[in-house]
Structures are given as structure tokens and as C-alpha cells.
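Asks: Sequence:
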Amino acid sequence: MSPRQPDPGSPSASHDAVPDQRTKVVKSRTKKSSLKYRNGLLKAEISTRSESMHIARRNATESPLLRLPAEIRNKIWQFTLGYHRIMIYYQFANIYGIGRRAIQLAHSVYAGDPTTEGSIVQPGFALPIVCRQTYVEAFAMVYSLNTFNFSHRSTLDHFIRNRALGQRRLVASIVVPCDYFRLYRSDRRKRFRQTFPNLKHVRVLVDSNRLGWNLFLEPDREQFLNTEIKDFILSKEGDGLEVDFVVDFHGISV
Numbered sequence: 001m002s003p004r005q006p007d008p009g010s011p012s013a014s015h016d017a018v019p020d021q022r023t024k025v026v027k028s029r030t031k032k033s034s035l036k037y038r039n040g041l042l043k044a045e046i047s048t049r050s051e052s053m054h055i056a057r058r059n060a061t062e063s064p065l066l067r068l069p070a071e072i073r074n075k076i077w078q079f080t081l082g083y084h085r086i087m088i089y090y091q092f093a094n095i096y097g098i099g100r101r102a103i104q105l106a107h108s109v110y111a112g113d114p115t116t117e118g119s120i121v122q123p124g125f126a127l128p129i130v131c132r133q134t135y136v137e138a139f140a141m142v143y144s145l146n147t148f149n150f151s152h153r154s155t156l157d158h159f160i161r162n163r164a165l166g167q168r169r170l171v172a173s174i175v176v177p178c179d180y181f182r183l184y185r186s187d188r189r190k191r192f193r194q195t196f197p198n199l200k201h202v203r204v205l206v207d208s209n210r211l212g213w214n215l216f217l218e219p220d221r222e223q224f225l226n227t228e229i230k231d232f233i234l235s236k237e238g239d240g241l242e243v244d245f246v247v248d249f250h251g252i253s254v
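Take the sequence shown: its letters are residues 1 to 254, numbered as in the working numbering.
Be aware that a few hints might be false.
Pairs of lysine-lysine, DSBU-like flavour, derived with a Cα cap of 35 Å [unchecked claim]:
hint	residue 1	residue 2
1	LYS200	LYS43
2	LYS200	LYS190
3	LYS43	LYS230
4	LYS236	LYS190
5	LYS200	LYS236
6	LYS230	LYS75
7	LYS230	LYS190
8	LYS200	LYS230
9	LYS43	LYS75
Computed Cβ-Cβ distance ranges for the label pairs, DEER-style [stated by the list, open to error]:
hint	residue 1	residue 2	range
10	ALA126	PRO64	47 to 53 Å
11	SER235	LEU65	35 to 41 Å
12	ALA60	ASP239	41 to 47 Å
13	ALA60	GLN194	37 to 43 Å
14	LEU165	HIS54	31 to 37 Å
Read the hints as simulated data drawn from the structure, not as lab findings. Source: prediction; values computed, not measured. The beta-carbon is built from N, C-alpha and C at its ideal position, and this holds for glycine as well.
Using the sequences and the hints, build the whole thing.
Replies: So this is what it looks like as C-alpha cells:
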């Protein structure tokens, strides 16, 4: 005998039609478009009919700065953002105002190139975030036109970990601290061009306490050491990289 079907009007049937309180309802979620590319850089494209495009077109015709010829704007961006030496170091900071301390990176910016001593300057690194057009035209210059100098191997490691691939691809010049270079020589750090694919210049800080010779009494050794360091780095990195070194006397580079 086949089982009897419950009467639609019976209490049991109405009970079966009511979902249990523990029943989970799956709701579809609208996927938001990402604001960044996979390499970590911001997406700057906008719809031709959007309000942002209307603002961009108005800026291009009404802004005294943005309506300048592209060649002149480019010179202004370079002068504002580039040709500095950026010293990266650690500093302690309070968290949430409750007395907890955390280590974070900070920087000081010096005028001039790595071969000169310059005074601390106030950079205009906020320029790329003023508007979409300045971001597109000027963002890359922060990385490609400056030399990054690191106080310690851990600051360089921290810098690398916290930079997107798109940012690391823009770095063109670095100054490598003594302790990081020792790890690099023993293959405990990646090749420079693995980390910074478009690197053009590397300066190595050499610890004066580890030289085993006096720079002033044996000046010929300086050229020998420069050649040795350059040959070693180029053997790992390949040609097309400018390499030099400076002696670091207790944190003072000469």
C-alpha cells in the first residue's frame, strides 16, 4: 500500500511549510569592482559619461595649472616630486592613544642626489592625490626620480614587504645598508632586480670597521674595493646597472 499524502489543510502539512528558525538563507552579494590593479596601483579609468569625467574635463580647461601644456606640467611635477634622497628609518608611535607602542617606518627627505650632501626639504609627495589627473601624470615620479636610502636591513625588508609590485617596479635607485649587503652576498636576500625589476642604480654602504684597512693610508684599496663590489653585483644582476659604494663611518657616509 502506498503511503498516504498529508492533507494540505492538516496541521502537519502547514507545519512542514514553515522553515525552521535555524534555516540559513543564502543572499547573493553584488561584487564590487576593485579600485586597484593586481599590481597594487590604483585604477584611474573613469566612464565617459560619469560625473568624474565631467570634473576632469572642466579641470583641463579651467584650472590654471592643469590647462598648461603637458611638457610644462611634467617639468613642474619633476621639480616638485623628484631628485631627492629619501632616508627610510624606524620610529615608535602610540596606537589609538592608549599608550601602546608600535614600530613604523618614517622618512626624511634631502635635496640633491646621493653624491652630495643636502639639507632636509619639505617634499610635495601629496601632489599625486590632489586629483585623478595629477595621480596619472605624477605618481610614478615619487619612486622613479628619487633615491631611497635605508638605515638598517630591517627597514629595507619592511619597505619591500609593504610595497605593491607596481610600486617596486618604479624604484630606480637605492642605497643598501651594510648589514643588508652582507646577507645579499651570502644569498640570504633576493637579487636586487628580482625585488626592483627596473632598478638603474645601487649604492652600497661599506662598514669602515669591517674593511681591515685605513682608507686614508691606503687610498689605492678604495678603487680595488669599488671594482670588487661592482663585479660581484653585476655577476648576479647582469649588465646595465650602475654600481658604486661609500664608506660608512659609524652611520656617517662619506
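Asks: Now look at each hint and say whether the structure bears it out.
Replies: Verification of the supplied hints:
1. LYS200 <-> LYS43: Distance ~26 Å between LYS200 and LYS43 Cα, so the pair holds.
2. LYS200 <-> LYS190: Between LYS200 and LYS190 the Cα gap is close to 16 Å, so the pair holds against 35 Å.
3. LYS43 <-> LYS230: With Cα atoms ~39 Å apart, LYS43 and LYS230 exceed 35 Å; violated.
4. LYS236 <-> LYS190: holds (10 Å)
5. LYS200 <-> LYS236: holds (14 Å)
6. LYS230 <-> LYS75: Between LYS230 and LYS75 the Cα gap is close to 33 Å, so the pair holds against 35 Å.
7. LYS230 <-> LYS190: Between LYS230 and LYS190 the Cα gap is close to 17 Å, so the pair holds against 35 Å.
8. LYS200 <-> LYS230: holds (13 Å)
9. LYS43 <-> LYS75: This hinted pair holds, its Cα atoms lying about 24 Å apart.
10. ALA126 <-> PRO64: 47 to 53 Å: Because 19 Å falls outside the window, the suggested range is violated.
11. SER235 <-> LEU65: 35 to 41 Å: The hinted range 35 to 41 Å is violated for SER235 and LEU65, with Cβ atoms some 47 Å apart.
12. ALA60 <-> ASP239: 41 to 47 Å: For ALA60 and ASP239 the Cβ distance comes to about 42 Å; the hint holds.
13. ALA60 <-> GLN194: 37 to 43 Å: holds (40 Å)
14. LEU165 <-> HIS54: 31 to 37 Å: The hint (31 to 37 Å, Cβ to Cβ) holds, given that LEU165 and HIS54 are roughly 33 Å apart.
Of the numbered hints listed earlier, those contradicted by the structure are 3, 10, 11.
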